[in-house]
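Chains A and B are the protein sequences, given in the same order. Okay, so the first sequence: first residue is 1 according to the numbering used here, each after it adds one. Okay, so the second sequence: first residue is 1 according to the numbering used here, each after it adds one.
Simulated from the structure, these hints should not be mistaken for lab results. Fair warning: there could be bad hints in the mix.
Simulated crosslink set (DSS-like; lysine-lysine; CA at most 30 angstroms straight-line) [as the list claims (entries may be wrong)]: (1) A:K41 with A:K103; (2) A:K17 with B:K57; (3) A:K103 with A:K56; (4) B:K57 with A:K68; (5) B:K9 with A:K98; (6) A:K98 with A:K41; (7) B:K9 with B:K57; (8) A:K68 with A:K103; (9) A:K41 with B:K9; (10) A:K103 with B:K9; (11) B:K57 with A:K3.
Incomplete in silico selection of chain A near chain B, CB under 8 angstroms [unchecked claim]: (12) F10; (13) Y19; (14) Y33; (15) D38; (16) S42; (17) L43; (18) S45; (19) V48; (20) K98; (21) I99; (22) I100; (23) K103; (24) G104.
Even glycine gets a Cβ: it sits at the ideal position worked out from N, Cα and C.
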Amino acid sequence: ELKVEQNPLFLSMQEGKNYTIYCNYSTTSDRLYWYRQDPGKSLESLFVLLSNGAVKQEGRLMASLDTKARLSTLHITAAVHDLSATYFCAVDSGRDDKIIFGKGTRLHILP
Amino acid sequence: DSGVTQTPKHLITATGQRVTLRCSPRSGDLSVYWYQQSLDQGLQFLIHYYNGEERAKGNILERFSAQQFPDLHSELNLSSLELGDSALYFCASSPLARSGYGYTFGSGTRLTVV
Numbered sequence: 001e002l003k004v005e006q007n008p009l010f011l012s013m014q015e016g017k018n019y020t021i022y023c024n025y026s027t028t029s030d031r032l033y034w035y036r037q038d039p040g041k042s043l044e045s046l047f048v049l050l051s052n053g054a055v056k057q058e059g060r061l062m063a064s065l066d067t068k069a070r071l072s073t074l075h076i077t078a079a080v081h082d083l084s085a086t087y088f089c090a091v092d093s094g095r096d097d098k099i100i101f102g103k104g105t106r107l108h109i110l111p
Numbered sequence: 001d002s003g004v005t006q007t008p009k010h011l012i013t014a015t016g017q018r019v020t021l022r023c024s025p026r027s028g029d030l031s032v033y034w035y036q037q038s039l040d041q042g043l044q045f046l047i048h049y050y051n052g053e054e055r056a057k058g059n060i061l062e063r064f065s066a067q068q069f070p071d072l073h074s075e076l077n078l079s080s081l082e083l084g085d086s087a088l089y090f091c092a093s094s095p096l097a098r099s100g101y102g103y104t105f106g107s108g109t110r111l112t113v114v
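The shape of chain B in the complex, shown without the other chains (with noise of 0.2 angstroms):
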């Protein structure tokens, strides 16, 4: 158990649906990263939380949004999902924005969309 939770492990759902993927950081991290991996796109940056704020964002579509909450944990929401949305989420963490330690992944959500 790496200490990054992520819920749920697995995901079926259907296209224009939204769902809401769940990420707790390891205890003491602060940041929160997300990432989409694909067979084709491999591990593509979404966005970077700290302490509640946005810090970065990448490729990360507009039916596509996050949010870190006071207690740290994160959630990802996908509306109006298409069949190419689906894919391994991986959350990470770390204690600072800018980690000399690493970043802990979790056990990832595997969201097929069909």
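Pulled out of the complex, with its shape left as it was, chain A reads as follows (with noise of 0.2 angstroms):
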């Protein structure tokens, strides 16, 4: 059965810094998911990640995937308030028809 591990849960940090959080994933999969979810809100996709070696940037927010190590990463540059948010990382089962979410990286920055 497909896990996704996030890394760290929580985080705070200050506005200018540099941070990256982690999404390891259990089973064989080409396909992830970045998304954001304000308090109270949905989730707002930002990255789709098809391919190993994808990588895409939005911003100060740069997602890459390495489907040989099953991990991605969600690099912030240059940290700023209106960041602070939950990312989840998502990942498709495959032949299960299952999109599986890690636990979330709850992301306050400190202004």
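Both chains are given apart, each in its own frame, so use the hints to dock them into the complex.
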């Protein structure tokens, strides 16, 4: 059964710093998704990663996928307060037609 | 507006009752996924429907059931409600059963069981 682990689960950092959120998954998959959720709100799609070595960037966020290591990273560059949110990775289980989410990383950026 | 519509937005009901949550997918999307989000369990996959057929089941309780209708809207039925069923219930839609374009989430239904 596919398991998705994110770390850290909580992250408090200062504005201007860089940090990385890690997403490990347990079975082979070539489709991985990153989402953002603000408190009490829905999930907003950030990135869709579809192949080994895929890298996508949007503003201060960059996501990458290494399917051999079963690892995706979400890198935050020069964090700003507006990036405070919970970030989820989700993995396509393949034949099972399930999309399994990690527990989320709650990011708090201090001004 | 994501294009995925969930109703109602809030629901308060008593233990033992039955409720129905509704989801209308984005226009043209054939797949609907249901998730339960609680503080301690995170986002739990419940069930996936594609074009009216059940494609996958997750940790969905026997008290819960779902269906997708010919017009592609989906309903999640929760019966014999318990306090622990209080959570945010999201549906998400995508064009295909396995989407290379990601999944679009609705705004959720917040269920409170008292």
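Status of the hints after comparison with the structure:
1. Between K41 of chain A and K103 of chain A the CA atoms are separated by roughly 16 angstroms; this keeps the pair inside 30 angstroms, and the hint holds.
2. At roughly 41 angstroms between alpha-carbon atoms, K17 of chain A and K57 of chain B are farther apart than 30 angstroms, so this suggested pair is violated.
3. A threshold of 30 angstroms between alpha carbons decides the hint, and for K103 of chain A with K56 of chain A the separation of about 22 angstroms falls inside it, so the pair holds.
4. Proximity of K57 of chain B to K68 of chain A is assessed by CA-CA distance (about 27 angstroms); at most 30 angstroms being required, the pair is judged to hold.
5. Taking the CA atoms of K9 of chain B and K98 of chain A, the gap is about 25 angstroms. The hint holds against a cut of 30 angstroms.
6. A distance of roughly 23 angstroms separates the Cα atoms of K98 of chain A and K41 of chain A; the hinted pair therefore holds under the 30 angstroms criterion.
7. A threshold of 30 angstroms between alpha carbons decides the hint, and for K9 of chain B with K57 of chain B the separation of about 24 angstroms falls inside it, so the pair holds.
8. About 22 angstroms separates the Cα atoms of K68 of chain A and K103 of chain A, which keeps this hinted pair within 30 angstroms; it holds.
9. Among the hinted pairs, K41 of chain A with K9 of chain B is consistent with the structure: their alpha-carbon atoms are about 11 angstroms apart, no more than 30 angstroms.
10. Only pairs whose Cα atoms come within 30 angstroms are accepted, and K103 of chain A paired with K9 of chain B is accepted, the gap being roughly 23 angstroms.
11. About 15 angstroms separates the Cα atoms of K57 of chain B and K3 of chain A, which keeps this hinted pair within 30 angstroms; it holds.
12. Taking 8 angstroms as the C-beta contact cut-off toward chain B, the hint placing F10 of chain A at the interface is violated, the least distance being around 13 angstroms.
13. Because the smallest distance between the Cβ of Y19 of chain A and any Cβ of chain B comes to about 21 angstroms, over 8 angstroms, the interface hint for this residue is violated.
14. Nearest Cβ of chain B to the Cβ of Y33 of chain A: about 5 angstroms, under the 8 angstroms cut. The hint holds.
15. A least Cβ separation of about 12 angstroms between D38 of chain A and chain B goes past the 8 angstroms threshold, and the interface hint is therefore violated.
16. Annotation: interface hint on S42 of chain A holds; nearest CB of chain B at approximately 5 angstroms, less than 8 angstroms.
17. Residue-level restraint check for L43 of chain A holds (minimum Cβ-Cβ distance to chain B is 4 angstroms; threshold 8 angstroms).
18. A hinted interface residue such as S45 of chain A counts as satisfied when its beta carbon comes closer than 8 angstroms to some beta carbon of chain B; here the least separation is about 5 angstroms, so the hint holds.
19. Taken as an interface hint, V48 of chain A checks out: its beta carbon lies about 4 angstroms from the nearest beta carbon of chain B, inside 8 angstroms.
20. Look at K98 of chain A: its Cβ gets to within about 5 angstroms of chain B, closer than 8 angstroms, so that hint holds up.
21. Interface hint status for I99 of chain A: upheld, as the beta-carbon distance to the closest one in chain B is roughly 6 angstroms, under 8 angstroms.
22. A hinted interface residue such as I100 of chain A counts as satisfied when its beta carbon comes closer than 8 angstroms to some beta carbon of chain B; here the least separation is about 6 angstroms, so the hint holds.
23. For K103 of chain A, the interface hint holds, the least distance from its beta-carbon to any beta-carbon of chain B being 4 angstroms, beneath 8 angstroms.
24. The beta carbon of G104 of chain A comes within 6 angstroms of a beta carbon in chain B, closer than 8 angstroms, and the hint placing it at the interface holds.
The structure fails hints 2, 12, 13, 15 (numbered hints given earlier, in ascending order).
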